[in-house]
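Trainee: What follows is each chain in one-letter form.
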Amino acid sequence: MKLDPAIRDQVLGTVPSLRAFAISLCGNIDRADDLVQETLLRALSHIDSFEPGTNMPAWLFTILRNLFRSEYRKRRREVEDADGRYADTLKSHPEQTGRVEFEEFRTALAKLPSDQREALILVGASGFSYEDAASICGCAVGTIKSRVNRARTRLADLLAIDNVDDFGPDRATRAVLAGGGR
Amino acid sequence: MGERGKNDEMKHRKTNFETVSSDHEKAETEAPHMQDPMGRPTTPPNKPHARLGREVQARIGQQLRAMYDDVVNQGVPDNIQDLMRRLGDQDKN
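Chains as they are written, first to last, in the working numbering: chain A, 1 to 182; chain B, 1 to 93.
Source of the hints: derived by calculation from the structure; they are not laboratory data.
Any given hint could turn out to be false.
Said to hold, decoys possible - Which bits of chain B does chain A cover? Going by a derived footprint, with three or more residues having C-beta under 8 Å, they are: (1) 54 to 61; (2) 64 to 70.
Said to hold, decoys possible - Rough simulated footprint, nothing fancy, chain B against chain A, three-plus residues with beta-carbon under 8 Å: (3) 57 to 71; (4) 110 to 116; (5) 119 to 128; (6) 147 to 159.
A virtual CB, placed ideally from N, CA and C, is assigned to each residue, including glycine.
Using the sequences provided together with the hints, build the complete structure.
Mentor: Written out as structure tokens, the structure reads:
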């Protein structure tokens, strides 16, 4: 195996984001780190199929997602409801998923269907274009857009931040706008 | 040429969330509740709602990125650095 140092730097440069994505998929840091390692081994053993100059992050994210999905399929017999299990994981091991200050948001995120959560993370946090996210998930661009929109609407409901009172500083402006219909 | 490609990419990244917001807004505009049962135009009451929608979406975006970046800022864990170093050493042998 011959590994170009430039390629290796690109791979290493993607690891932090790849890890954040893995944690969002697994809901467990240890499992996520295993998944990242597995992804890197897989990627480097197939490095010839990577075209230099193309999108390294998208390539690695695709491999990681496929590994996660095939692992999930293997476990499906023991786990009927993946999303329910994901939420349970968060409940029983909150310390494994990261800092407490994000717990409320993380819990809400865990209640989303996995395809919506994944689309939202890829576009909203990893910074992929809709096109790249669609290619990573193996679906149409329109599907990604609709998943992202549904995820955001549902999150707003779950976090109850559609409540007007959550936006304190702007209350006077809102009162004016609300009265403006008369 | 290379610079143009770079600019395009940056523009692309930056517009991700704006696109989401405008999609969301469009969905709201097209929603059936635009119809006023009394037969009057309903534009003014809908306006603050659409505006709030953008604020909510911006807030979700911020929280999402804060949570994600918290992990990103941890950098590359030692075991993965070791793994990559081992693979690099294999090349030389």
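Trainee: Enumerate the violated hints, using their earlier numbering and listing them in ascending order.
Mentor: Of the numbered hints given earlier, those the structure breaks are 3 and 4, listed in rising order.
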